[in-house]
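Line order of the protein sequences matches chains A and W.
This note's numbering numbers the first residue of the first sequence as 1 and each following residue consecutively.
This note's numbering numbers the first residue of the second sequence as 1 and each following residue consecutively.
Read the hints as simulated data drawn from the structure, not as lab findings.
Using N, Cα and C, we set each Cβ at its ideal position, and we do this for glycine too.
Do not take every clue at face value.
[Unchecked claim] Just some of the chain A residues that point at chain W, by a computed CB distance under 8 Å:
1) L13
2) Y39
3) G43
4) F89
5) F102
6) G103
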Amino acid sequence: GDSVTQMEGPVTLSEEAFLTINCTYTATGYPSLFWYVQYPGEGLQLLLKATKADDKGSNKGFEATYRKETTSFHLEKGSVQVSDSAVYFCALSGDTGNQFYFGTGTSLTVIP
Amino acid sequence: NAGVTQTPKFRILKIGQSMTLQCTQDMNHNYMYWYRQDPGMGLKLIYYSVGAGITDKGEVPNGYNVSRSTTEDFPLRLELAAPSQTSVYFCASSLTGLNTEAFFGQGTRLTVV
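Just chain W, same shape as in the assembly (with noise of 0.2 Å):
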């Protein structure tokens, strides 16, 4: 059972740095996203994909890119680190995004320094 896996757990970058968030779901779920949780923000949602070959901007998307290669997984990239990235990250998934719940990973901290 292990649904939704997001790795590294944390991680301290360098401005200007690149990285790459893993997150991997083993539910067959079609909906994957990605969300960053700020303190007293909630969630924002920075891209979203519907199937494999298929993603799309969210609220916040800039400064990340993603890419869906397979139903499985949905890396999100960071190419150019910046203070304003310093955050903690959530990838979801959801079977099909309407009227089903989404479920999430346990979070990736990251801190740009």
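Chain A extracted, bound-state conformation (with noise of 0.2 Å):
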């Protein structure tokens, strides 16, 4: 079935580091590929979507490529910022649309 696996956390990074997450998918077909954000005590928030191959989600300053050949839709920041301290969940919505499959969530800090 339709899976996720995201990079094991926590990361800590410095400010202005950069910072990659690591995602890669297991789908039949052709799924949308979403990152989501969660601050503490907060519902998840969508930080960037890809609809197809090759699209490039952006959002903030956060970046990822839908790379049917790796499987992978890995995020990127050029910059951190303490305010990007959360949680970040890859997810993928697979070709019935029937449900979303999140990665298990990788918790971000960013210390000054």
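These two chains come separately, so use the hints to put the complex back together.
Here it is in structure tokens:
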């Protein structure tokens, strides 16, 4: 079945460091891919998405490219800020659209 | 801009008690979902609905029931609470389920003692 595997955390970075969180997926057909962010005590918010191969999603300095050949959707940011501290979830929505499959989440802490 | 609204935000239940977690959305979305979030486990789908009157089981439906009498509302019922149901519950909705993102509520933190 469909599934998402993402990089284990927690991740601790200094402010202005480069961030990569790896995400790979297994799916039949042509899934849509998402990154969600969860701040403490809150629900998940969409960070970015890509709906077809080679699409690049971007938002708030974060980017991820839908790579069908490597079944990956890695999240990157060139210079993280303290305010980026949160838990990040990679997710996919498969061909049926009946559910979203989530990775286990990666906790990011950015220190000044 | 209410989006997806869940109530209550917190609840403590005793073993064997029952409760209903409420979820309503004002975006006229067809698809609605209930997930539970356990530490280090990501989100697991409990039930979903593709429209009023239609519901189906997800990955972890045991111990729960749902109904969808209107487009807006998708309550989750726990009949006999067990400690294994201690979790954070999220309701979500999406327009079509295909190529569209899900919008999440703020969550309900449930503790069963």
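Against the structure, the hints:
The restraint placing L13 (chain A) at the interface with chain W is violated, with a minimum CB-CB distance near 20 Å, outside the 8 Å limit. About 11 Å separates the beta-carbon of Y39 (chain A) from the nearest beta-carbon of chain W, more than 8 Å, and the hint is not met. The closest approach between the C-beta of G43 (chain A) and any C-beta of chain W is roughly 4 Å, which is under the 8 Å cut-off, so the hint is satisfied. The restraint placing F89 (chain A) at the interface with chain W holds, with a minimum CB-CB distance near 7 Å, inside the 8 Å limit.
Here the hint on F102 (chain A) is kept, as its CB sits about 4 Å from the closest CB of chain W, short of 8 Å. The beta carbon of G103 (chain A) is positioned within 8 Å of a beta carbon in chain W (closest approach about 6 Å), and the interface hint is therefore held.
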